[in-house]
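If you read the sequences in order, they're chains C and L.
If you use this note's numbering, the first sequence corresponds to residues 1 to 450, in order.
If you use this note's numbering, the second sequence corresponds to residues 1 to 450, in order.
A couple of the hints might just be wrong.
[Unchecked claim] Each computed SDA-like pair below joins lysine to any residue, with the alpha-carbon atoms no more than 20 Å apart:
{"no.": "1", "chain 1": "C", "residue 1": "K200", "chain 2": "C", "residue 2": "V175"}
{"no.": "2", "chain 1": "L", "residue 1": "K87", "chain 2": "L", "residue 2": "T134"}
{"no.": "3", "chain 1": "L", "residue 1": "K306", "chain 2": "C", "residue 2": "K189"}
{"no.": "4", "chain 1": "L", "residue 1": "K189", "chain 2": "C", "residue 2": "E142"}
{"no.": "5", "chain 1": "C", "residue 1": "K189", "chain 2": "L", "residue 2": "I162"}
{"no.": "6", "chain 1": "C", "residue 1": "K189", "chain 2": "L", "residue 2": "I368"}
{"no.": "7", "chain 1": "C", "residue 1": "K221", "chain 2": "L", "residue 2": "D272"}
{"no.": "8", "chain 1": "C", "residue 1": "K358", "chain 2": "L", "residue 2": "I274"}
{"no.": "9", "chain 1": "L", "residue 1": "K200", "chain 2": "C", "residue 2": "N31"}
{"no.": "10", "chain 1": "L", "residue 1": "K239", "chain 2": "L", "residue 2": "I212"}
{"no.": "11", "chain 1": "L", "residue 1": "K306", "chain 2": "L", "residue 2": "M449"}
{"no.": "12", "chain 1": "L", "residue 1": "K306", "chain 2": "C", "residue 2": "E311"}
{"no.": "13", "chain 1": "C", "residue 1": "K221", "chain 2": "L", "residue 2": "E42"}
{"no.": "14", "chain 1": "L", "residue 1": "K416", "chain 2": "C", "residue 2": "T258"}
{"no.": "15", "chain 1": "C", "residue 1": "K354", "chain 2": "C", "residue 2": "L406"}
{"no.": "16", "chain 1": "L", "residue 1": "K78", "chain 2": "L", "residue 2": "I116"}
{"no.": "17", "chain 1": "C", "residue 1": "K354", "chain 2": "L", "residue 2": "Q284"}
{"no.": "18", "chain 1": "C", "residue 1": "K189", "chain 2": "C", "residue 2": "S153"}
{"no.": "19", "chain 1": "C", "residue 1": "K283", "chain 2": "L", "residue 2": "I368"}
{"no.": "20", "chain 1": "C", "residue 1": "K55", "chain 2": "C", "residue 2": "V32"}
{"no.": "21", "chain 1": "C", "residue 1": "K306", "chain 2": "L", "residue 2": "V313"}
What the hints contain is simulated information worked out from the structure, not anything from laboratory work.
Protein chains: 2
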Amino acid sequence: MRGKISIAGVELREILTEENAREILREIFHNVHPFEIFSLIEGLEAEDIAKVIMKLGFPIGAEVFEYFEDEDREEIFKSLTRDQMVKLIEEMSADDRVDLLKSLPQKLVDSLMPFIAQAERNDIKRLLDYTESTAGAIMTTEYATLNMNMTVSEGLIHLKHIAPERETIFSVYIVDEERVLVGGVNLDKLILSKETQLIKEIMNREIISVKIDDDQENVSKVMADYDLLVVPVIDNENKMVGIITIDDIVDVVNEEATEDFLRHGSVQGDVDYITSNPFNLAKQRIIWLLLLVLVGFISGFIMQLKQEILESVIALAFFLPLLSGSAGNAGTQSSTVIIRGLATGELEMKDIWKIILKEMVIGLIIGIALGLASGLRAVITDSHHDMRLAFTVGISMVFVVTLSTLLGAIFPVIFKKMKLDPALMSAPFIASIIDIFSIFIYLSLAEIMF
Amino acid sequence: MRGKISIAGVELREILTEENAREILREIFHNVHPFEIFSLIEGLEAEDIAKVIMKLGFPIGAEVFEYFEDEDREEIFKSLTRDQMVKLIEEMSADDRVDLLKSLPQKLVDSLMPFIAQAERNDIKRLLDYTESTAGAIMTTEYATLNMNMTVSEGLIHLKHIAPERETIFSVYIVDEERVLVGGVNLDKLILSKETQLIKEIMNREIISVKIDDDQENVSKVMADYDLLVVPVIDNENKMVGIITIDDIVDVVNEEATEDFLRHGSVQGDVDYITSNPFNLAKQRIIWLLLLVLVGFISGFIMQLKQEILESVIALAFFLPLLSGSAGNAGTQSSTVIIRGLATGELEMKDIWKIILKEMVIGLIIGIALGLASGLRAVITDSHHDMRLAFTVGISMVFVVTLSTLLGAIFPVIFKKMKLDPALMSAPFIASIIDIFSIFIYLSLAEIMF
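Working from the sequences, and respecting the hints, build out all of it.
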């Protein structure tokens, strides 16, 4: 976040020093989308960004602020005065506010809380409690409700009144005296109904909702299945506590896909690449690599045990990279298919035996094809035209590829059974484990053949 | 799609033979969400599903039908009479309808077209023309527009009138006589405004839109950046041609993530796992594997060239799996980070030299750590305690890991430059290429050392 930006030839930092900076900025950014303001100022120093945001006022300043990444938000936030911090927190949307507070030092949060307005403070306390990645943690409490005994026209008047403090009034919910969710009605339905009808006559009683402790992946599945733009969140007593809007779900889908992609590539956690230094990024990767080096030691140890056969038929060594590589690749492929299938819901755990059987057949088909290809290679290029070498290589290939395809499918399933993310079973890890098997099978078979 | 289902003790297939099947089904499924009807009947034979859908009538039957996968839709569709096909096509939503027609044989489509109502036919022809994965291909033409000279109350009356044929009336667009997009207004804004105000006074003139030939990934980025639930689509003359709703974007995000995930795992295309037989699934994987086998032959060839050094120091072979494995893993990691970063937009091509430099530093850090670990392993376990072996292994490791990290980052970038999907640079492919380098560097260094 370093750099200068100019607007109509005047440097923004100079505008900030003007006495009427507030008016100039509001004039310039009148009718400009918050995302564009964000794009324009994101290169500035944190202090200047903080100034622009406060001078823009609310709600626009808070909206611009919400576009920054967690680390940047923290830095910008820290260059505000205490009063400005309190104001900004109060003006942010309920879900983004909690995200920010979670990333700030506890001491700072504690020192700010007494100054935050009662309503917002209660809301924050409630939302801070929910476990990360659950419906409770991503929902917002700014939803609109109506009483079912109102008429449509009373309902519309009420909505006009409460609209400014709600995230959306497109989906409106009906709760009883205990706040138990009993129905829902969309704004278009309200408008299309007769003014004198009662809400309870037009509301939809079969309403799809999610539980407060549902995993966010589950929420995203429910919203996609039922084509919902908004889903209500209820607690264990069926009381309504919040809503989740589909735009937050797009972020969830993207986050989950990124997490799976990185995990399967054995990269730990989603560190911000641009702002992190190479040491932190190396740390993110090295734990797995060191572990895999230990696994690699085992492969070497097996070769040491089988040293004699290697020494007497050195040509055996020439096929080691081919065997290990093919086995690793076949395992990567099957684990890729299974992990992604489980993540999208295309594959279900109830079909797991069918899937594993299918993978075994696939592995065998591929293994035979690759076995023939590499056996042939052995016959052609070996100077002694020793058929024993060709057989050892070919048969090992069939075995090893079938086994890897199978293991690549089974490992993620075991993780899923243990309620862990199947993507944690990374491709490199599977490849390393398979390496041990490949070398053992290959050299043992060689001992028998020669 | 095989099996029986029973409702309240009566088998569904028996209900279908009843004379008043239509009434019974509508009674049973009254107020049941289409997704739940879909979940209930998806296990039936295609013919029975077709019967249920037609008996449910419209729009509910079409909504249930839209939940099926492409292949299933085709099968169900083919068990309808021609009149039923035409009716179903007319009743489906504009975007799903085109998806279905694209998956049907051209001959069937041609034979149906003359019977489809004029308005729908024109719409289909237009949508069929757009290139796959562009805004044009995923948009729907069922959007609501208003004249800017209407008053708010006139606008609301008009909306009530046209609502049934529109996908959404939450976002309403304003076009001039040439259908050029000039503004937009949300339903809540309309309701919150005075009835006598003119639409042109309250409409938003700074409206974000996408072009008809924009890639769907770009559409998803724009919608996420600007937090849009709906985005209008315009042609090259700025005329409005359709809208894209955020729920379709969730599917796009999921599809693109799946594609990248599979490609990076060197699995070709997104074949339906459950319905495909093992041969087709094997075909999806084997092309890459055979190619990688050829690459593996090169590794073997290099070893054959360096046969002498291997024969004289057999212990060198024990470290081959370790070196190849570590190099492959480091390359997988850096390619994973870069591919996903490019896909989500976290990494941009303009920063590419900084990224490559960073990867080199990261590779060096990791390489030194792994080099020390494996050098140590060589000293400890080698019976001759030959320091030359330890040095050869350690130094090779540093070289090889740095190089792989770098190549893992550079390969996807080259693909991106060539306007290809960076994820096509699969982890197994990178690992195989790196294998060749690793073996060459390692054995060449050994020749010098010993």
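Between the alpha carbons of K221/C and D272/L, is the straight-line distance 20 Å or under? The hint holds at about 19 Å.
**Asked** Regarding the pair K200/L and N31/C, is the alpha-carbon distance no greater than 20 Å?
**Response** holds (15 Å)
Query raised in the report: Is K221/C within 20 Å of E42/L, Cα to Cα?
Result: With Cα atoms ~18 Å apart, K221/C and E42/L stay inside 20 Å; holds.
(request) Could you grab the alpha-carbon distance between K189/C and I368/L and see if it respects the 20 Å cut-off? (result) Given pair K189/C, I368/L is violated - Cα atoms ~66 Å apart, limit 20 Å.
**Asked** Straight-line Cα separation of K189/C and I162/L no greater than 20 Å?
**Response** Within the cut-off at roughly 13 Å; holds.
Run the distance test for K358/C versus I274/L: straight-line Cα separation, threshold 20 Å. holds (10 Å)
Exercise. Can the restraint linking K306/C and V313/L be considered satisfied, given a maximum Cα separation of 20 Å?
Worked result: Since the Cα atoms of K306/C and V313/L sit roughly 15 Å apart, the hinted pair holds (cutoff 20 Å).
- Message: So if I understand the rule, the pair passes when the alpha-carbon distance is 20 Å or less; does K306/L with M449/L pass?
- Response: holds (14 Å)
ask   = Are the Cα atoms of K200/C and V175/C separated by 20 Å or less?
value = holds (11 Å)
Verify the proposed pairing of K416/L with T258/C, using a straight-line Cα cut of 20 Å.
Distance of about 19 Å is within 20 Å: holds.
_So if I understand the rule, the pair passes when the alpha-carbon distance is 20 Å or less; does K55/C with V32/C pass?_
Status holds; Cα separation ~15 Å.
Restraint status (C-alpha distance of K306/L to E311/C at most 20 Å):
Distance of about 15 Å is within 20 Å: holds.
Hint compliance for this structure: hints 2, 3, 6 are not met, and every other hint is.
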